[in-house]
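Student: Take a look at the letters that make up each chain.
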Amino acid sequence: MTTQAREPRMELEQHLHMYRQMAKIRAFEEQVNELYKSAKMPGLAHLYVGEEAVAVGVCEALHRDDFITSTHRGHGHCLAKGASVNRMFAELLGKEPGYCRGKGGSMHIADPETGNLGANAIVGGSAGIATGAALSAKMRGSGQVAVCFFGDGALGQGLLYEVMNMAALWTLPVIYVCENNLYGEYTPCGDTVAGEIPARARAFGIHAESVDGQDVQLVNATMRRLVERARRGEGPAFLECKTYRYYGHHVGDVNREYRTREEEREWMTGRDPLQTLASRLTGQGLADASVFERIQTDVKTEIDSGVQYALAAPYPDPSEVDEDVYA
Amino acid sequence: MPDAAVRELTYGEAVKEAIAEEMRRDPRVFLIGEDVAEAGHPFKTLVGLVQEFGTDRIIDTPISEPGYAGIGVGAAMTGMRPIVDVMFGDFITLTMDQMVNQAAKVHYMSGGKIKVPIVFRTTLGATRRSAAQHSQSLHAWVSHVPGLKVALPSGPYEAKGLMKTAIRDDSPVVIFEDKMMYRVKGPVPAEDYTIPFGVAKVTRAGRDITIVATSSMVPVALGAATLLEAIGISAEVIDPRTTWPLDKQALIDSAKKTSRAIVVDEGYERYGVTAEIASVIAEGAFYHLDAPVKRIGAMDVPVPFSPVLEDLTVPSSSVVFEAAKALCGKA
Ligand SMILES: Cc1ncc(C[n+]2csc(CCOP(=O)(O)OP(=O)(O)O)c2C)c(N)n1
Ligand SMILES: [Mg+2]
Numbered sequence: 386m387t388t389q390a391r392e393p394r395m396e397l398e399q400h401l402h403m404y405r406q407m408a409k410i411r412a413f414e415e416q417v418n419e420l421y422k423s424a425k426m427p428g429l430a431h432l433y434v435g436e437e438a439v440a441v442g443v444c445e446a447l448h449r450d451d452f453i454t455s456t457h458r459g460h461g462h463c464l465a466k467g468a469s470v471n472r473m474f475a476e477l478l479g480k481e482p483g484y485c486r487g488k489g490g491s492m493h494i495a496d497p498e499t500g501n502l503g504a505n506a507i508v509g510g511s512a513g514i515a516t517g518a519a520l521s522a523k524m525r526g527s528g529q530v531a532v533c534f535f536g537d538g539a540l541g542q543g544l545l546y547e548v549m550n551m552a553a554l555w556t557l558p559v560i561y562v563c564e565n566n567l568y569g570e571y572t573p574c575g576d577t578v579a580g581e582i583p584a585r586a587r588a589f590g591i592h593a594e595s596v597d598g599q600d601v602q603l604v605n606a607t608m609r610r611l612v613e614r615a616r617r618g619e620g621p622a623f624l625e626c627k628t629y630r631y632y633g634h635h636v637g638d639v640n641r642e643y644r645t646r647e648e649e650r651e652w653m654t655g656r657d658p659l660q661t662l663a664s665r666l667t668g669q670g671l672a673d674a675s676v677f678e679r680i681q682t683d684v685k686t687e688i689d690s691g692v693q694y695a696l697a698a699p700y701p702d703p704s705e706v707d708e709d710v711y712a
Numbered sequence: 371m372p373d374a375a376v377r378e379l380t381y382g383e384a385v386k387e388a389i390a391e392e393m394r395r396d397p398r399v400f401l402i403g404e405d406v407a408e409a410g411h412p413f414k415t416l417v418g419l420v421q422e423f424g425t426d427r428i429i430d431t432p433i434s435e436p437g438y439a440g441i442g443v444g445a446a447m448t449g450m451r452p453i454v455d456v457m458f459g460d461f462i463t464l465t466m467d468q469m470v471n472q473a474a475k476v477h478y479m480s481g482g483k484i485k486v487p488i489v490f491r492t493t494l495g496a497t498r499r500s501a502a503q504h505s506q507s508l509h510a511w512v513s514h515v516p517g518l519k520v521a522l523p524s525g526p527y528e529a530k531g532l533m534k535t536a537i538r539d540d541s542p543v544v545i546f547e548d549k550m551m552y553r554v555k556g557p558v559p560a561e562d563y564t565i566p567f568g569v570a571k572v573t574r575a576g577r578d579i580t581i582v583a584t585s586s587m588v589p590v591a592l593g594a595a596t597l598l599e600a601i602g603i604s605a606e607v608i609d610p611r612t613t614w615p616l617d618k619q620a621l622i623d624s625a626k627k628t629s630r631a632i633v634v635d636e637g638y639e640r641y642g643v644t645a646e647i648a649s650v651i652a653e654g655a656f657y658h659l660d661a662p663v664k665r666i667g668a669m670d671v672p673v674p675f676s677p678v679l680e681d682l683t684v685p686s687s688s689v690v691f692e693a694a695k696a697l698c699g700k701a
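The listed protein sequences correspond, in order, to chains A and B.
For the first sequence, the numbering used here assigns the number 386 to the initial residue and increments by one for each residue that follows.
For the second sequence, the numbering used here assigns the number 371 to the initial residue and increments by one for each residue that follows.
Any given hint could be a false lead.
In silico DSSO-like links for lysine-lysine, alpha-carbon gap of 30 Å or less [claimed, not checked]:
1) 618(B) <-> 695(B)
2) 485(B) <-> 475(B)
3) 555(B) <-> 475(B)
4) 571(B) <-> 483(B)
5) 555(B) <-> 483(B)
6) 485(B) <-> 422(A)
7) 534(B) <-> 475(B)
8) 555(B) <-> 425(A)
9) 626(B) <-> 664(B)
10) 422(A) <-> 414(B)
11) 425(A) <-> 414(B)
Quick look at which bits of chain B chain A covers, simulated, 3 or more residues with Cβ under 8 Å [what the hints assert, rightly or not]:
12) 381-392
13) 402-415
14) 432-442
15) 664-671
16) 679-686
Residues from chain B that keep clear of chain A, each with C-beta distances beyond 12 Å, as calculated [said to hold, decoys possible]:
17) 463
18) 478
19) 617
20) 700
In short, the hints are calculated from the structure, not lab data.
As the structure is a computational prediction, the values presented were derived from the model and not from experiment.
By construction, the Cβ of each residue, glycine as well, lies at the ideal position given by its N, Cα and C atoms.
Throw the hints in and build the complete structure from the sequences for me.
Tutor: Right, here's the structure in full:
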């Protein structure tokens, strides 16, 4: 990628596209919650509502063949990287046309066609995979970069520090994106993280920044710089995105006793990523309310038809249970 | 018998009561893990403990399993008696070095000078629709390691009694709770009791076939026994309760009596607990057996998410029933 200034028109289109992607993720997750509440989805899911600007800002700075690794809260990452709503819903319902033929479910969606090496239910479990993908890209001279998404909770995992050290030593094209949503499960991250978060990466000589993760334009612009650095061979980077999940840790966590309703309201009203972008573009006279309404309507149609598709889809054949154990 | 003796608790409440009683009687006992304090554990099994014992003894950690497991080992070596909480059994892969190379070795390597009275508390069991990284039953892994004891409570009564024994043991114990059983109720004495390790329990007496079942598979075996009774086969169900120490004699004696045996366990079938127990029975009861010992474990696949697939991977009462019928020549 080059750094030449893009046309304002293209830029607006890009921003509206980011709005659309965020709206799609939000509508998808609201629908997942409905599926849970109506007992149509097996198991649980960790919703990404509130954090959309991180996945979208980051993934819109990537090429289709760049890699990501995702987390237990991964639906947003997968969609932002280009996954189809239909096949996502199908996977969540354990259906045959799902991304993993029903074998993975909510926490394990993988889609190599869009560079998604998989969501991961082991906290921090993908740090090695992302770093290995970056090593592979470097060895193959492919010019790809790898992004490792993880939560503040994953900062507790030693693996992260082992691989950051190697990424720095070997100048690997990997960007560690820490989604700091203030909680790991039911514990505030202030109780589990000592010191400054970006300082942990800086200790390895890794370029590290912290941004407002609710501002998709800022996340995207920052990420573009970090991706360019990595592609130029200047090595890994670390990006802390300050964000917030609107729902509980998972769909069953409805009481949220570990945080206050005021705190939730502050984030939801003052700093909502969709509202922030919409009001900024409106304020700049670049778009009006009807533009965003149209996007919302389109997205709703896509989500409605996606969920219908998945509900109607067949379950895998029982004979598939022992397929795919080995390659 | 006093009324208190027939009081019912859930499996989860029984675990908590055991921990609370031991923490009251021994100030050296503490519990450390993720979301164990204010949150009372993601499975809600520890609710209320932090209110009684405070955050000095019910300690929330970062998501750092190897780190706090190691801290547990060090504390155990120096006069404390920690319970290290590993939320899902799948995560023992992260704590493995601390369990296997550290905790299990210290007493032996120090020539018996240093004790490691530590309990690793974790879970097993599938069918919660949690997919391959949250559904495994990995108790065979640690049962393999000299220096570790392994307990598998199969109901509320065992959950309390085995936990108390584990906490009082001077060696490292790994205790696997069946996460699907937390809400199951059963009689649990209110008074202090322990269940000795290495003593199997005959859960149901029978004459024609022995079904050895562990943990989550005990109810499955009892279900099969009921089906068998209807066709005139009397099944004995026996629960070893600990895979190490293993009550070999009780298993052998039961197989000698019935002359047929099936072993059922929720771990992967291959190289699993069923293999060990089947070989114990085959060696010890060989001349009394009318059929080869049959093993039934979880299917040898990563646990799939889709319910239509996941349910196929775990032994069911009907699968055990069919196998028993075949073994008794009634197929
Ligand atoms: C190694 C490991 N330990 C514990 C868990 C249980 N667990 C699942 S999500 C979670 C909290 C993760 O917090 P964070 O990384 O901040 O992500 P968030 O849920 O906030 O997006 C925990 C402890 C796990 N899945 N993996
Ligand atoms: Mg978090």
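Student: Mind listing which of the numbered hints don't hold for this structure, in increasing order?
Tutor: 3, 4, 5, 6, 12, 17
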